[in-house]
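Residue numbers (numbering that gives the first Met the number 0), protein chains in the order written: chain A, 0 to 486; chain B, 0 to 128; chain C, 0 to 440.
Hints in this document: simulated from the structure, not taken from any laboratory. Note that the structure is a prediction, hence the values are computed from the model and not measured. Only true hints are included.
Below, in silico cross-link-like pairs of lysine-lysine (DSBU-like), each with a Cα-Cα straight-line distance of 35 Å or less: (1) C/172 to C/281; (2) C/148 to B/63; (3) A/387 to B/117; (4) C/318 to B/19; (5) A/12 to A/474; (6) A/188 to B/125; (7) A/441 to C/21; (8) C/434 to C/61; (9) C/281 to B/19; (10) B/11 to B/103; (11) A/231 to C/318; (12) C/279 to A/12; (13) C/426 to A/12; (14) A/159 to C/172; (15) A/387 to A/417; (16) A/474 to A/455; (17) A/159 to B/11; (18) C/300 to A/387; (19) C/13 to A/417; (20) C/148 to C/279; (21) C/281 to C/295; (22) C/172 to A/188; (23) A/224 to A/201; (24) B/125 to A/162; (25) C/281 to A/12; (26) A/201 to B/11; (27) C/295 to A/12; (28) B/63 to A/224; (29) C/279 to B/63; (30) B/125 to A/455; (31) C/318 to B/125; (32) C/63 to A/84; (33) C/57 to A/84; (34) C/148 to B/103; (35) A/224 to C/21; (36) A/364 to C/21; (37) A/162 to C/172; (38) B/63 to C/281; (39) A/474 to C/295.
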Amino acid sequence: MNEYNRLIFELSKPGRCGVSLPDNDLPYEMDHILPSNLLRQSNTLLPEVAELDVVRHYTNLSQKNFGVESGFYPLGSCTMKYNPKINEEVVANKAFQSIHPLVCVEHAQGLMQVYYETNRMLSSLTGMDEFTFQPFAGAHGELTGLMIMRDYHHSRNDHKRTKVLVPDSAHGTNPASAAVVGLEAIDIKSNPDGTVNIDDLKTHLSDEIAGIMLTNPNTLGMFEKDILVITKLIHDVGGLCYYDGANLNAILGIVRPFDMGFDIMHINLHKTFSTPHGGGGPGSGPVGVREDLIPFLPNPRIVRTDQGYRFEESDLSIGRVARYYGNFQVVIRAYVYLKTLGKSHVSDVARYAVLNANYIKESLKKEYLLPIENACKHEVVFSGLVDKTTGVTTLDVAKRLLDFGYHPPTIYFPLIIKEALMIEPTEMESLETMDSFISIMKQIAQEAISNPELVKTAPHHTPVRRIDEVLAARKPILRYQDHSKHD
Amino acid sequence: MHKVLENLRYSKSHEWANLKDGTISVGISDYASHHIGDVVFVDLPEVGRHFNQGEVFGAVESVKAAADLYSPVSGTVMAVNEVLLDTPEALNEDAYANWIMVLKPDNLTELDILLSPKAYQDHCAKEQE
Amino acid sequence: MFKYFPHTESDIQKMLDTIGVKEIDELFLDIPRALLQDRWPDLENSLSEIELRQRMEKIAAKNKRLICFAGAGTYDHYVPSIIAPLVSRQEFLTSYTPYQPEIAQGTLTYIFEYQSYMTSLTGMDVSNASMYDGATATAEACLMAVQDKRVPRILLAETLDPAVREVVQTYAKYRNIDISIVPMNDGITDRNALQEMVQQPFSAFVTQTPNFFGIVEDHSEYEQLIHANQGLLIMNVDPSTLAVLKSPGEWNADIACGDAQSLGIPMHFGGPHLGFLCAKEKLLRKMPGRIAGMSKDVDGKRAYVLTLQAREQHIRRDKANSNICSNQSLMALWVTIYLSIMGKRGLQQVQESSMKNAHYLYEQLIASGHFKPVFSNPFLFEFVLQTDLDIKDLQKRWMEAGFQGPVSLSGFDPRWLLFCATEQRTKAEIDAFVKAVEVAK
Numbered sequence: 000m001n002e003y004n005r006l007i008f009e010l011s012k013p014g015r016c017g018v019s020l021p022d023n024d025l026p027y028e029m030d031h032i033l034p035s036n037l038l039r040q041s042n043t044l045l046p047e048v049a050e051l052d053v054v055r056h057y058t059n060l061s062q063k064n065f066g067v068e069s070g071f072y073p074l075g076s077c078t079m080k081y082n083p084k085i086n087e088e089v090v091a092n093k094a095f096q097s098i099h100p101l102v103c104v105e106h107a108q109g110l111m112q113v114y115y116e117t118n119r120m121l122s123s124l125t126g127m128d129e130f131t132f133q134p135f136a137g138a139h140g141e142l143t144g145l146m147i148m149r150d151y152h153h154s155r156n157d158h159k160r161t162k163v164l165v166p167d168s169a170h171g172t173n174p175a176s177a178a179v180v181g182l183e184a185i186d187i188k189s190n191p192d193g194t195v196n197i198d199d200l201k202t203h204l205s206d207e208i209a210g211i212m213l214t215n216p217n218t219l220g221m222f223e224k225d226i227l228v229i230t231k232l233i234h235d236v237g238g239l240c241y242y243d244g245a246n247l248n249a250i251l252g253i254v255r256p257f258d259m260g261f262d263i264m265h266i267n268l269h270k271t272f273s274t275p276h277g278g279g280g281p282g283s284g285p286v287g288v289r290e291d292l293i294p295f296l297p298n299p300r301i302v303r304t305d306q307g308y309r310f311e312e313s314d315l316s317i318g319r320v321a322r323y324y325g326n327f328q329v330v331i332r333a334y335v336y337l338k339t340l341g342k343s344h345v346s347d348v349a350r351y352a353v354l355n356a357n358y359i360k361e362s363l364k365k366e367y368l369l370p371i372e373n374a375c376k377h378e379v380v381f382s383g384l385v386d387k388t389t390g391v392t393t394l395d396v397a398k399r400l401l402d403f404g405y406h407p408p409t410i411y412f413p414l415i416i417k418e419a420l421m422i423e424p425t426e427m428e429s430l431e432t433m434d435s436f437i438s439i440m441k442q443i444a445q446e447a448i449s450n451p452e453l454v455k456t457a458p459h460h461t462p463v464r465r466i467d468e469v470l471a472a473r474k475p476i477l478r479y480q481d482h483s484k485h486d
Numbered sequence: 000m001h002k003v004l005e006n007l008r009y010s011k012s013h014e015w016a017n018l019k020d021g022t023i024s025v026g027i028s029d030y031a032s033h034h035i036g037d038v039v040f041v042d043l044p045e046v047g048r049h050f051n052q053g054e055v056f057g058a059v060e061s062v063k064a065a066a067d068l069y070s071p072v073s074g075t076v077m078a079v080n081e082v083l084l085d086t087p088e089a090l091n092e093d094a095y096a097n098w099i100m101v102l103k104p105d106n107l108t109e110l111d112i113l114l115s116p117k118a119y120q121d122h123c124a125k126e127q128e
Numbered sequence: 000m001f002k003y004f005p006h007t008e009s010d011i012q013k014m015l016d017t018i019g020v021k022e023i024d025e026l027f028l029d030i031p032r033a034l035l036q037d038r039w040p041d042l043e044n045s046l047s048e049i050e051l052r053q054r055m056e057k058i059a060a061k062n063k064r065l066i067c068f069a070g071a072g073t074y075d076h077y078v079p080s081i082i083a084p085l086v087s088r089q090e091f092l093t094s095y096t097p098y099q100p101e102i103a104q105g106t107l108t109y110i111f112e113y114q115s116y117m118t119s120l121t122g123m124d125v126s127n128a129s130m131y132d133g134a135t136a137t138a139e140a141c142l143m144a145v146q147d148k149r150v151p152r153i154l155l156a157e158t159l160d161p162a163v164r165e166v167v168q169t170y171a172k173y174r175n176i177d178i179s180i181v182p183m184n185d186g187i188t189d190r191n192a193l194q195e196m197v198q199q200p201f202s203a204f205v206t207q208t209p210n211f212f213g214i215v216e217d218h219s220e221y222e223q224l225i226h227a228n229q230g231l232l233i234m235n236v237d238p239s240t241l242a243v244l245k246s247p248g249e250w251n252a253d254i255a256c257g258d259a260q261s262l263g264i265p266m267h268f269g270g271p272h273l274g275f276l277c278a279k280e281k282l283l284r285k286m287p288g289r290i291a292g293m294s295k296d297v298d299g300k301r302a303y304v305l306t307l308q309a310r311e312q313h314i315r316r317d318k319a320n321s322n323i324c325s326n327q328s329l330m331a332l333w334v335t336i337y338l339s340i341m342g343k344r345g346l347q348q349v350q351e352s353s354m355k356n357a358h359y360l361y362e363q364l365i366a367s368g369h370f371k372p373v374f375s376n377p378f379l380f381e382f383v384l385q386t387d388l389d390i391k392d393l394q395k396r397w398m399e400a401g402f403q404g405p406v407s408l409s410g411f412d413p414r415w416l417l418f419c420a421t422e423q424r425t426k427a428e429i430d431a432f433v434k435a436v437e438v439a440k
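Chain A with its partners taken away, still in its complex shape (with noise of 0.2 Å):
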């Protein structure tokens, strides 16, 4: 990887531009349209740079990241999958790429029919009856369900319903999304084998209960047995469950959630449906809900008719969440990718994550400790090394793999495993790629062992070294602007 290490400010010299805009004649001026109070009297940060210093400065910047073709990436909980070179081309198609949102819908029957064939495909392999696609991602779906489900309790006149239920091994964005949209999260406790403790569940029941979020399998990758049993307790006292589709990729084509009982649920298109996850985002989160919760989805909603693709709006919506209709690009590639997939293959996908998955389970026992003995579902928790003797921790084992190449699995998730490293391979990824990444992580469990210090000052061959972030955060410098304030 890269050495490389500027910023672009420090690349600007006066006199230097990076384009060339056409000759505008029209005899208008600036200070003759706006009085000067309403003018911008100060200086901008924004730089004067050639066109290819602009460019190699991004390149050389990109050549000190790790992607998901830099190699394997079994980040736990992510669903790191490979994206699809297709779904690009399709999305770079300027009529897709260029379109105004309000032009008129005659105009864009293309784009909506790719949003309500995406909607009538993730409808189909989840067992709901409608999707929205406005939620941006896995959390704003998370709080557009909880949303639909206050209001479903208030369009029945029960406004008592002021706490949802989360089991302790949840994602951190459950309760904070409960929490956003003025729900209690009442945390649940989990049995040794990370499932939801049912005894534990039942002392919470009660009519003040709006519903419970799960996912399933939960997040140490283990199915819940007993899932019709929870999802009847909870409708039982007139609750509504929520399904949190982040470990879709153990299930995909093989159990519908609402199956299981669920009546609301998020997908995360950048995880299960290969579209990008872009260093951050932009990912998808679309909404899927039960027939009698469709009145409450987000305003407007995509229906066809007689005359074509249309938006429509319902008065028990729970308005908008979105300004248009949701991430359109990164829809169209799950499309494509679903397309792909079709029925012939939808429903290996989860069975080879989870074949993977136990074949890094079984491989790793002897060496990482395994806190629960059961076949695992598409990813796989361990709770650091079994020999901790010399004191290398989870961390110190992440810091080192990132020294052979790979990109370390998730670490310290879920909270209710010690040392947590959750492996997810997904279901692209071939054996000798695995057997490569067994027999690292094993030499790292032996160097634990025979040179610990190694271990503990890795990583050692990456373009920066452990990095203080208790400097980073007692005196924040958070932009270019401040960045004297160092030393």
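Following the hints, position chains B and C against chain A.
Frame of chain A, contents of chains B and C only:
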């Protein structure tokens, strides 16, 4: 080994309270400051705000964690230790010398609910198991 | 056999042997049999790339690209050619959030540059690494203000984009935050109405610049009223216009937010765009979202890292400032490259050229005799005109001539139209657009 001072009272959530001239100064114990790791930020309450016993009045943040601070007694905030704004790491250096806030207490009998130094030692020992 | 599954029969056998089961199905025995599903009515057979290309061409042909005279929050600005190839490099496109900073300095560096750009343009002290879109960014800015001032009431200008208002109202509803709309007069906020409304406690006033009607308002009196009454001033702003317009910082605003699609992101049929959120230093700890900071590594090398994470959901859970996890990072990269290549001069030229085209369009439309001005206040490159022509018919004629016409503002008045002209429009296009009005009256 963590320090426990003799003249203080302690809450189960690791805050200490020191009665002096009718006011109560509040801080976090040595045990807590070790547990949280390098302190990077202390979220101080506003002077003049009132808190009930057990109510969250602020937070201590490290790089990877944030711990809520619970008021050991009911009272009104008279002063906050602004030194902690610039040097939050002071809490790691000496948790007892660096108070966080001073309260005008509502009811001094609330101190009786807090733990004695020995009871607090035992409480910490149990937590570590 | 399938191109996305590398497993051969012998691979599978080896893995099954290692695991100690005879078939893959044994790994799914914990699933109740009644739940197993193998029929998906809306899926067809797998399509090869050849078939997919044909299919997508057909779908693409149903969308019509028109010469755009519509704005209302999404703008047909020039998109430099270097951006797409750089952004689609797999190291940027396919990588995850930079939680392992040692191999993500590319991502962290551009986030740091992005934060620098956004604070510079808006005149604020801090920026996060992006939000979803301008509307949700504005909603989160309001939640921030309520968290800071602890008064559950927000004032929204009527001159704020109605769809943005709707999103704010959706978020506010579930937190029992009262929303009051400050009425407008002649296309700008009614100062007297604002004065009255700030007499009741509130946390913030949200205004937009240029506003929804394209007008650039004088915010000095609003700012005085808001701060005199202990509120925060939130400005929703089109960041491209900040090359020439007074910045939120210069107006003494507390929070600046909005959508940065106008900074070279294609229209994308509405998404992905790019929400941004910037604020004064005093509000740093209340900011949602990821933030990158500068630091050093053990060898003393300059390095960037996600910082102040204790505000976020993965640590604070239900006490987090927000639930936001994924943002629009790749779009932040897009905008960062745009600003880098456009530079000082480029962005200024975009605004000047847009302004010229829009004012020329304005005069020509009025000269045609079919349109009358609605507001008297100055605009930059969007404006409202009123017409007595049949608007449906008018839009149809424009479409047939290859144009996307103005956005109808029937929510305000059935005769009103919101026109926009960017630097991409030519004089010839504008002339043809105006001419199309005359055809077959």
